[in-house]
Amino acid sequence: MGKKSFFATLFLILLLIFFLFPQSTGKEHFLVPERIINLDKTSSDAYSDELGQVSFALDNYFGYFTDELEVTYLEEKKYNVTISDSTFINYPKIPEILDVQNMKGEGRSIIETTGYPVIQGDRIAILSDSFISLYDLDGHLYWKKEILSIVTSLAITDDHVLIGYLDGYCELISMSGYTEFSFRPGGSRIEAVYSAAISSDGQYITVISGLDPQRLILLQNRKGEYKPVFHKELENEYRRSINMYFSQDNTMVFFENFEGVNLFDVNTKKVTNVGDSGNLKKIYKDVNRNLYSLLLSDNTGGILKILTPENKILLHKQFNGKTLLFKKRDDRYYIGSDNLLMYLKLVIR
Amino acid sequence: MKKLIILIFLFSLNILYAYQWPIAGGFLTASFGENNADAFLKGIRISGYGSIVSPFLEGEIIYYSGEDSPIPSVIGNTKVLHHENGFRSIYGHLENSYKEPVVFMINENNQLGIVGNSGRSYEKSLFLMIFDTKMNQYVNPQIILPPSGDTNPPVISKVYIRRNGEKTELLPKNMQAPGKVEILAEIIDYGGSTHNTIKTVPYSISMFYLGNEINLIKHDTLKEERGELILQGGRPVTFDNLYEGNDFFLGEINLSSGIAYLEISASDYYGNNSNRTFQLTIE
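Heads up: the protein sequence lines correspond to chains Z and S, in order.
Our numbering numbers the first residue of the first sequence as 12 and each following residue consecutively.
Our numbering numbers the first residue of the second sequence as 16 and each following residue consecutively.
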């Protein structure tokens with residue numbers, strides 16, 4: 012046996028060993044189905060007296076359910092719905108009045124407007140082609156502003172609203188309607204903001220802007236002023252609004268790419284890629300286990316993955332359906348697929 | 016002078032670039048600057064059931080949004096093109112295509128989408144806006160698109176005089192007391208000769224009193240200043256200072272003793288013009 016054929020045989024044997032005995036992660040992850048509900052067959056009789064804390068909007072329906080997936084409120088969408096874990100607005104295609112309701116469906120406030128609403132936290136933003144306005148959940152107006160450009164992204168914190176515009180700039184507006192910060196990233200052949208996100212503590216702002224190149228920019232609040240501290244040219248260019256948000260602990264930024272999800276660490280400024288192809292629907296970071304759970308969708312359905320930060324797949328599960336939902340509370344996973352709602356429990360052995 | 020330069024600039028662009036209506040055989044259902052749910056309409060609406068939408072000029076798709084977009088949009092499914100001359104054209108209310116575009120450079124012969132009713136619209140229509148990135152303003156598409164063959168002049172149907180909040184319709188001859196009064200008018204432009212039941216607003220409105228121009232409104236461009244949209248072309252005006260329901264607020268005049276003439280004039284984009292003169296005997 013010559014040297015060449017010896018190494019070739021050795022390589023094949025090693026390859027065989029690698030596939031036959033893959034390296035174990037030590038523990039296996041399972042999602043055990045606990046409950047499945049068909050929303051088409053769920054009537055108002057099934058309502059529990061308990062208050063559901065988890066909101067959902069799926070296919071033609073929306074409502075609330077408990078941790079054990081007992082539906083406590085269920086209603087059909089008029090045209091669309093914006094819903095938080097305490098409040099919803101079920102609005103028609105051509106709204107004139109918006110009825111703000113609590114999780115029991117009781118009226119909370121009325122807002123006269125022709126725009127479409129977005130509830131984030133304790134705020135309601137109303138978007139029209141010519142204005143944007145901000146209300147609290149009791150229908151009190153904070154401010155209203157006429158706008159020139161198309162709004163491509165919106166992020167609301169307790170104190171501020173961050174708006175990204177297709178014109179190529181973004182602005183941070185205070186509760187009194189004052190523009191505290193305006194930023195035009197530039198540096199690209201086509202100027203446009205495709206996404207803008209703000210950390211819940213207001214310390215960081217991230218912006219995805221431009222075409223040719225498309226760039227990620229990190230701004231940090233230093234002595235009350237936001238300064239660009241990092242920028243990176245992105246390999247993939249999107250021409251639509253991009254889902255981007257901070258992790259709950261404000262250490263990571265998640266945003267889509269063609270191969271899955273980019274994880275951007277605001278401290279180390281490193282961008283790593285996890286997941287697979289598809290549009291990012293939702294991602295959760297499990298801080299205790301240092302794991303990511305994410306749902307990616309494509310034309311046929313969705314893929315739920317549980318991954319390590321090194322992109323090691325611990326769980327991979329496919330769901331069919333045109334409309335998808337993913338919510339996670341601790342080890343409880345709630346997956347929605349068209350008219351089906353599923354409660355799955357994560358078991359690690 | 017500045018307005019003249021802008022108009023010459025827009026005219027020269029029209030010669031340089033071959034603009035086309037995005038729907039073949041389409042007709043106007045709403046015009047630039049009209050009252051759109053208590054705000055200026057920033058573009059025009061063109062009707063055409065099931066029609067194919069093509070770009071008004073060759074360009075690059077730089078943005079598209081659909082029903083699954085993270086931000087709800089009252090103009091529904093939208094595509095935005097960037098053009099070489101610095102214009103951006105925005106096409107709204109498109110039918111949902113369920114497909115992400117793969118070709119981004121498209122010309123006037125390519126299909127951009129299908130007319131739909133997505134977003135805040137019951138009827139199928141195309142919403143077209145043209146944004147000038149160099150001037151940071153919306154341009155009235157009707158100024159730069161080829162003429163539609165409209166031969167109908169605008170109709171000045173009613174003119175009102177308002178004193179102390181009380182509104183009275185003006186007749187050809189009127190007796191009035193001296194003092195300050197406000198003038199309002201109901202003026203309609205029927206968008207085209209074949210679909211003349213659709214009411215739109217005229218291109219320009221002017222008011223003369225005692226031979227002096229009191230007001231000139233032109234629907235050329237919309238610009239943002241201090242969080243407010245300003246209609247420009249004639250005297251710059253905000254929405255709240257121009258519209259009172261469906262009436263145009265044309266301004267205030269001071270009536271003093273004698274006989275005076277108030278003249279209201281309106282014209283469309285193609286030179287069709289209407290005038291009404293009112294004699295005011297002030298005692």
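Just so you know, these hints were derived from the structure itself, not from any lab.
We treat Cβ as the ideally placed atom computed from N, Cα and C, and that holds for glycine.
Take these hints with a grain of salt, some might be off.
Sample of chain S residues facing chain Z (criterion: CB under 8 Å; computed from the structure) [what the hints assert, rightly or not]:
| no. | residue |
| --- | --- |
| 1 | N50 |
| 2 | N51 |
| 3 | F55 |
| 4 | S80 |
| 5 | I86 |
| 6 | V95 |
| 7 | I105 |
| 8 | G131 |
| 9 | Y137 |
| 10 | K139 |
| 11 | I171 |
| 12 | L199 |
| 13 | I203 |
| 14 | Y205 |
| 15 | E239 |
Taking the hints in turn, this is what the structure says about them:
1. N50: violated (11 Å)
2. N51: holds (7 Å)
3. F55: Result: holds, 7 Å to nearest chain Z Cβ.
4. S80: Check passed: Cβ of S:S80 comes within 6 Å of chain Z, closer than 8 Å.
5. I86: Holds. Min distance 6 Å.
6. V95: holds (6 Å)
7. I105: holds (7 Å)
8. G131: With a minimum Cβ separation of about 12 Å from chain Z (threshold 8 Å), the hint on S:G131 is violated.
9. Y137: S:Y137 check passes; min Cβ-Cβ to chain Z is 7 Å, inside 8 Å.
10. K139: violated (13 Å)
11. I171: violated (27 Å)
12. L199: violated (23 Å)
13. I203: violated (22 Å)
14. Y205: violated (24 Å)
15. E239: holds (4 Å)
In this structure, the earlier hints numbered 1, 8, 10, 11, 12, 13, 14 are contradicted, and the remaining ones agree with it.
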